[in-house]
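Given next are the chains, with one letter for each unit.
Number of protein chains: 2
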Amino acid sequence: MSLRLSGSREQGVAMGMLAGVESRSLTKEPTRERQMETEKSQQGAIEESGNFRITFLPDDKTVEVQRGTTLMEAAQKAGVHINNLCGGEGVCGRCRVRISDGRVQADKHSISLLSKEEIAQGYALACQTRVNRDMEVLIPAESRLEEAQILMHEMPFQYGPPEKIRVAKVPSDPMTLFDPLVQKVHLKLPEPSLSDNMPDIERVIRELRKKTDQHDFEVSLCCLQGLAAKLRDHDWEVTVTIARRGDHWRILQVEPMDTSERAYGVAVDVGTTTIVAQLVDLKSGHVLGVEGSHNLQARYGEDVISRMIYACSREKGLNSLHQSVIRNINQLISGLPGDRGIALEDILAVVAAGNTTMSHLLLSLIPCSIRLDPYVPTATFYPQVPARELGIRINAEGILQTIPCVASYVGGDIVAGILACGIADKPRTSALIDVGTNGEIAIGNNDWMVCCSASAGPAFEGGGITHGMRATRGAIEQVIIEDGKVSYKVIGKGKPRGICGSGLIDSVYELVRNGIIGKEGRFNPSTRQERLREKDGRIEFVVARAGETETGEDIVLTESDISHLIRSKGAVFAAMKSLLDYVGLKFTDMDTLFVAGGFGNFLNIPKAIGIGLLPDMELERIRFVGNSSLMGARMALLSTHALERAMHIARGTTNIELSNYQPFMDEYIAAMFLPHTDNRLFPSVNY
Amino acid sequence: MSLRLSGSREQGVAMGMLAGVESRSLTKEPTRERQMETEKSQQGAIEESGNFRITFLPDDKTVEVQRGTTLMEAAQKAGVHINNLCGGEGVCGRCRVRISDGRVQADKHSISLLSKEEIAQGYALACQTRVNRDMEVLIPAESRLEEAQILMHEMPFQYGPPEKIRVAKVPSDPMTLFDPLVQKVHLKLPEPSLSDNMPDIERVIRELRKKTDQHDFEVSLCCLQGLAAKLRDHDWEVTVTIARRGDHWRILQVEPMDTSERAYGVAVDVGTTTIVAQLVDLKSGHVLGVEGSHNLQARYGEDVISRMIYACSREKGLNSLHQSVIRNINQLISGLPGDRGIALEDILAVVAAGNTTMSHLLLSLIPCSIRLDPYVPTATFYPQVPARELGIRINAEGILQTIPCVASYVGGDIVAGILACGIADKPRTSALIDVGTNGEIAIGNNDWMVCCSASAGPAFEGGGITHGMRATRGAIEQVIIEDGKVSYKVIGKGKPRGICGSGLIDSVYELVRNGIIGKEGRFNPSTRQERLREKDGRIEFVVARAGETETGEDIVLTESDISHLIRSKGAVFAAMKSLLDYVGLKFTDMDTLFVAGGFGNFLNIPKAIGIGLLPDMELERIRFVGNSSLMGARMALLSTHALERAMHIARGTTNIELSNYQPFMDEYIAAMFLPHTDNRLFPSVNY
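First to last, the protein sequences are chains A and B.
The first sequence maps to residues 50 to 736 in the working numbering.
The second sequence maps to residues 50 to 736 in the working numbering.
Hints are computed from structural coordinates only; laboratory data are not their basis.
Model, not experiment: these values are computed from the prediction.
Honestly, I wouldn't trust all of these hints.
Heads up, the list lumps identical chains together, so a pair's fine if it works in one copy or across two of them.
[Stated by the list, open to error] Here are the simulated lysine to any residue pairs, SDA-like style, with alpha carbons at most 25 Å apart:
no. : residue 1 : residue 2
1   : Lys279    : Asn368
2   : Lys259    : Val632
3   : Lys365    : Pro305
4   : Lys260    : Asp395
With the hints as extra help, turn the sequences into a complete structure.
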């Protein structure tokens, strides 16, 4: 077969993103079925049945798969993670692996996404390469995730000694509202007599009323079954677990004796990229532990769009994604008790916040219409359900409460964020901006709230950038260029593997400040800079030289990378500007701008202003709040009032659909400049 | 072994009722397990493993069972019914069978309950006789039930052409309140657009609001799952099933297209003796069919006390009783559609009314404390549950609503009866009296309601009476004695097998009217009556001679029988009188007295007054209403307002516990006379 060497990687990505994604056939499915059958068969028959051994390095994990299986599928079977942004469609080029014997049948996808040299060295796309012999496969650093690093660096603020629920940066103190969503109430009932012979359950409720000051309790059949024996076998001493649902309390379970000390809950931020779970003591409000991991759904596509496509184009696609996030949450929950002597049955509630797509996948709702005009989700308010109904392993009667969403692209994570930042509690107007693949923005106060979402592209999370990566170990997170010298800081302090969002913002800021690029984002031809070079007809800026990097390659920024970033920051800024204009306000009218997102931990706010991502406000009015979604979920777990407020926020927030809103288009074009075409918006920025 | 022949049958029954019931050991259980194992084994091994063939006559059904199995258990296995009042405790003597070869090992129970001649003829108690060889067993007429007869004779008023819901005898017309508990609403939704892109479920609810005039709808997760596809695959045309629960409506299911014509419900009267189910069209309110059968729980004991003992003294006893009533209901429901082309999934709701014990067994709630001082049930209000949760086979999302009870011995059947008779709707005071093993009485109006229950004993249903039987084929239901001649009417017009409640009332009335017994219930020694005879030292009145009867034995009434009836009628009358006194009213203050119960169809009201069972009121103010429980259940199915009223009745009814209420004791003693010691209460009765 002849190799057609044409097209840059960027062009390939762009082409792939524009076409081919949906036309992909489902030919993998039968292969997978065959593979499963084979797993059941005896090992002795391997050679005859066409099975091969695939060893993945550097983990040195070996797996046996049938001929025709893709290397991506083999890696999934081996439990080895390979990056993947497009859901195995062969268009993102993130699953680059190297076959040790170099013999690769390059397919049309690999050809457009890999260079001639790479193909010669045995590089291939794992999702497009099918097994036809025993293979040894090296997963290069940039295609790997190293999970243990993630949580430490992305959410350091979650650690520390147990704390009372408190969002320190917010004036309103939720501590005054401590009233957990699920509570255990210990009761000693008076024994019945002829003059006091009400039914057992009413005797229970009478004492509950005295202890809780609540009047009505809903009872399910399972609480009634066996109740008579529980009361009589244990001297009328029981512990009742109650949960708030809507405007009343439900009795979840009645246990003999006093178990009221064993009452725990879990708050979960179901992010597209990472899932973080926090164990909370429902008696004290203390946070006892936190666990995080990559969202295992990444194997089906790294962003919400790829996952929706996966869910909607394959039979059982939705179920795969749903089961994946449930497994994910179960793994996190099972790790949370640690050696604290807390059993899973002591965990009574899970409160989850996620964007609208994640919420749909969590609850196994069809997400397909979310991504299609006119962007309609199945629901934005979700019923409180028994956790076991979804396979979440906590107490058999425990509940799952999902934070409500506003619209298809403004989810429960934003609602939780608004809650956590207290924006809806203050008379003065503030804003929350959460930057990921989509930039979501909410502006409002205790009277009104508007929000919108702009497709920012994946640049801030490292997507679509030549050496972009997420804020994990090996990512360059800070960059300074001074007198032609580049210095940078790497997450985990080892050799760099790529650049994450905050490093990218810093780099572009430094490049324009040093005159290396112009305000339109192009390399300045008059500048002599030894780090500027031409390769394959493109100009690149070398941030880290091959000798310094883990991959042994230069880490570079191209004009295309810079252009991606400008488009992303432009979309976010334009959205914020449009939203303010919509309500007739200016940036100076905002009391505080809360910034959340996965850039990394060291978002340099002045530099973010410098490139025109954030508005030119006094620095003390801009606050980086990290994972405000998790914070909001925890608040809803610990306070029925906070949950009610979340409902109120979700109901009362007006979503402005930007996709055909002309002022946004105009603002977007005006923002395609560093920092902006309108200098008056950034008076403090002087390059 | 020696046979001790001592004690009359009555004494035996009385002794058995006082003692021995609870001390019975659980030795049968292992036998039953062994039996089940054997059922699985090959037939060839029968002789070796000690199995025997038992043939039951007259049905000629043969079954193989292991040595040691009781004949009662063998009959259950063969699907042959043998009467049984005590739950297999060997104390009621109702399971008398005859072993054809006459070889019986008489045990202590049989000895006290059977006469010397009967034992010699091969009679034995089926529950006490263990298999030790192949046997041929005749079940005599009085120990058999013939199911097909029951419904026809007990509830003739349920038949007739389809009718709108209506309780003709009641002033308030529930027709004006037609608003079924479960409804199907057909919706054509406008397609979403960018200017109208609310979530799918809210689009559904918006149209629901327009069609139903209801505002809030609760949604369960399963309705959301798959919703997006249902809407988009069927041009936004769906049918939504909604159910009323408490103060709001729930969405049970969303089906594609228009299925609104297929909406049916079932009303069930879960009686201790019989279970009757009615199929109702929820679109029109028409009754489409009715099915009834004996309560299969009878194999575990014929009255509620025996069943509670069974449920509480054996492992899985409750489950056996629960499964039995569920099987019962499923059988009835499966027969209801007939050839009407109605599928079980078109049945959306079951509304069940039963006494408190039956309600507990239906819902698998522990009933044990109901029968023990201070008579505490688990619950009197029951949650609406998915029918599938209890194994009731209707639509997968269909519901079971159980009519609430008042107290341990005033159940949902009485609440449904009060509802059906409209007692709680009228300003004038009326009463409902339901006579069974317990006599339940409710008195009240639209302002207040009191009720009580008196242990009447089983006499009105034929229990504890030498030749007593229920109102089924072969029962003498009417008796007239004129000039020393006895004429009687038999249910089914064949030869008599015994006497049912109404026949007993007639007989005692006729005996006292003819001076054959005195007003204290003893045979008048001065009377010469050829039908009076002495046997085993007891005086008996022969109602039907051996030559006329199906059993070939005389059907007689003894002084003990008459005494039983007087105690029963005395308890009912005393309860009614005490309750009236409690509220400061007289019989003349009652507008109407509704009488329900299983006496038979021809309760002769003047004669019931004559013996002092019913008060001496104008006849037109006493109405025999038959199965008012079923009627009330149907009303609750067809009207959420009626169900609400049932809740209101159950909540607002004051239960007077008679068991230690001194005025009742005094009234009871005063009522031990025909008609009463106080003649002024029965001015119209002149014997």
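Here's how the hints hold up against the structure:
For the identical chains of this complex, Lys279 and Asn368 are inter-copy neighbours only, at 17 Å across copies versus 39 Å inside a copy, given an alpha-carbon limit of 25 Å. Neither within a single protomer nor between protomers do Lys259 and Val632 lie at most 25 Å apart by alpha-carbon distance, with minima of 48 Å and 32 Å respectively. In this homomeric assembly, Lys365 and Pro305 come within 25 Å of each other (Cα to Cα) only across copies, at 21 Å, whereas the closest approach inside a single copy is 42 Å. Only within a single protomer do Lys260 and Asp395 lie at most 25 Å apart by alpha-carbon distance; the minimum there is 21 Å, versus 45 Å between protomers.
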